[in-house]
Structures are given as structure tokens and as C-alpha cells.
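**Student:** Throw the hints in and build the complete structure from the sequences for me.
From first to last, the protein sequence lines are chains A and B.
Going left to right, the first sequence walks through residues 28 to 140 as this note's numbering numbers them.
Going left to right, the second sequence walks through residues 651 to 767 as this note's numbering numbers them.
What the hints contain is simulated information worked out from the structure, not anything from laboratory work.
If you're wondering where the values come from, they're calculated on a predicted model, not measured in any experiment.
Backbone N, C-alpha and C fix where the C-beta goes; we use that ideal spot for every residue, glycine too.
Accuracy of the hints is not assured; some may be wrong.
[As the list claims (entries may be wrong)] Quick look at which bits of chain B chain A covers, simulated, 3 or more residues with Cβ under 8 Å:
#1 684–695
#2 759–766
[What the hints assert, rightly or not] Far from chain A, some chain B residues (derived; all Cβ distances over 12 Å):
#3 N667
#4 K669
#5 H727
#6 E734
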Amino acid sequence: AQSVTQLDSHVSVSEGTPVLLRCNYSSSYSPSLFWYVQHPNKGLQLLLKYTSAATLVKGINGFEAEFKKSETSFHLTKPSAHMSDAAEYFCVVSGGRSYIPTFGRGTSLIVHP
Amino acid sequence: ETGVTQTPRHLVMGMTNKKSLKCEQHLGHNAMYWYKQSAKKPLELMFVYSLEERVENNSVPSRFSPECPNSSHLFLHLHTLQPEDSALYLCASSQAGLAGGVNNEQFFGPGTRLTVL
Numbered sequence: 028a029q030s031v032t033q034l035d036s037h038v039s040v041s042e043g044t045p046v047l048l049r050c051n052y053s054s055s056y057s058p059s060l061f062w063y064v065q066h067p068n069k070g071l072q073l074l075l076k077y078t079s080a081a082t083l084v085k086g087i088n089g090f091e092a093e094f095k096k097s098e099t100s101f102h103l104t105k106p107s108a109h110m111s112d113a114a115e116y117f118c119v120v121s122g123g124r125s126y127i128p129t130f131g132r133g134t135s136l137i138v139h140p
Numbered sequence: 651e652t653g654v655t656q657t658p659r660h661l662v663m664g665m666t667n668k669k670s671l672k673c674e675q676h677l678g679h680n681a682m683y684w685y686k687q688s689a690k691k692p693l694e695l696m697f698v699y700s701l702e703e704r705v706e707n708n709s710v711p712s713r714f715s716p717e718c719p720n721s722s723h724l725f726l727h728l729h730t731l732q733p734e735d736s737a738l739y740l741c742a743s744s745q746a747g748l749a750g751g752v753n754n755e756q757f758f759g760p761g762t763r764l765t766v767l
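**Tutor:** Okay, here's the thing in C-alpha cells:
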């Protein structure tokens, strides 16, 4: 069994300030973890993924995430927000023999000028 | 053409119509998915085809019927839909492991925006 919880439905930041989007997971297996971004009326795009290699994962557009097994967390960060980062972000866990990844409910990132 | 494509991008239909959504992936993947994304609701997995196995969400009404003729093409046949079926329908593909499971990322199409009148 697996589940994922995105702790914030909305996060609001000012342009140029750090971004933190929080994700906690549970899994009966060694999980694979993903962050996707979705801009309005678009499909989802992979930002980064963790698949049991380095615990600090770097993704596109300056985002990174750290896998912390002891805390069962996979938080997404970026040092400095840009207006173009405003979007919906999804944390996803998969693992074991299931073909079905589990999606979080999403976090809407709002960036103020 | 590369990636995952979906047609049509927009569809308006009446409740008595029959239509189909098409998805095609050019990535050589062996798993394909249909998701429904409604406003202010979590992403809902509808169907998965992987390694010739079909997995479905039992809560999906029978007015939605998937078809996967080969590993590159996926259809969603629609008939006698309801206004609450209006949503963005997303198709995705990924590479499933030979031993089962999907630990690789999914690639998503742009979606079909469906409006049921």
C-alpha cells in the first residue's frame, strides 16, 4: 500500500524568495518519488524523480528535492521563485508491482511580483 | 511527432452523443493511462493498460469505455455522458518493468478539455 500527502493546498511567495512545497509519503516498498508541474490548461511535466540513487535530487528550472527516509518526506524547494513558477505541483509515489502511481492532491504555487 | 499526443484538444458534446478521445505515444512505452482532472478535485485514475493487462478504477461509470489496440494507441469511448463528466482528460504513458510495477516517470499529453451540455 502507498499514499502521499501534500501538506499545503496553496503556497504564496514573493518573486525572488525561496519556495518550499511539502510532501510526505508512505509505502510498503522502496518507493520511487516524483514531482510534476502543471501550468494552466496543460498536461503534467516531470520536474524531478528519486529512484534510490542520490537522496538530493536536482530537477529542471532550478528545483530540487531531498528524500528523507526517516521523515518519510520528499519536499520540493527552489532558492528563488520566478513568476513563471506559478502553477500546480503534484507529488507522486510508486513502487512494488503496482502499475498505479499515487498522486497527491496538488499544491498551487502563487508568486507575487 | 514526439511524446504523447491527444486529439481532439477540445470537445463539446451533448448528453446523447457518442464520441471518442484518442491518445498516441511515440516513446516506445508499454503502459498507458487515462486520468480525469476536474476543477478542485484530485487527479483521478480511470484506466491503465500495461503489458497487456488492464486495470480499472471501479468507480468509473460504464459510459466510459477504454480501448487499447496496441501499445502506442489508447482510446476513450464516450456515450450518454452527464454534465458532471465535463473535465480535462489526460493521457499518459510510461515504461513498466518486466517484473511488474512502474518506477519510471509518466509522460503526459496536453489533455482533452471536454464539455458536456
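**Student:** What are the numbers of the hints the structure violates, in ascending order?
**Tutor:** none
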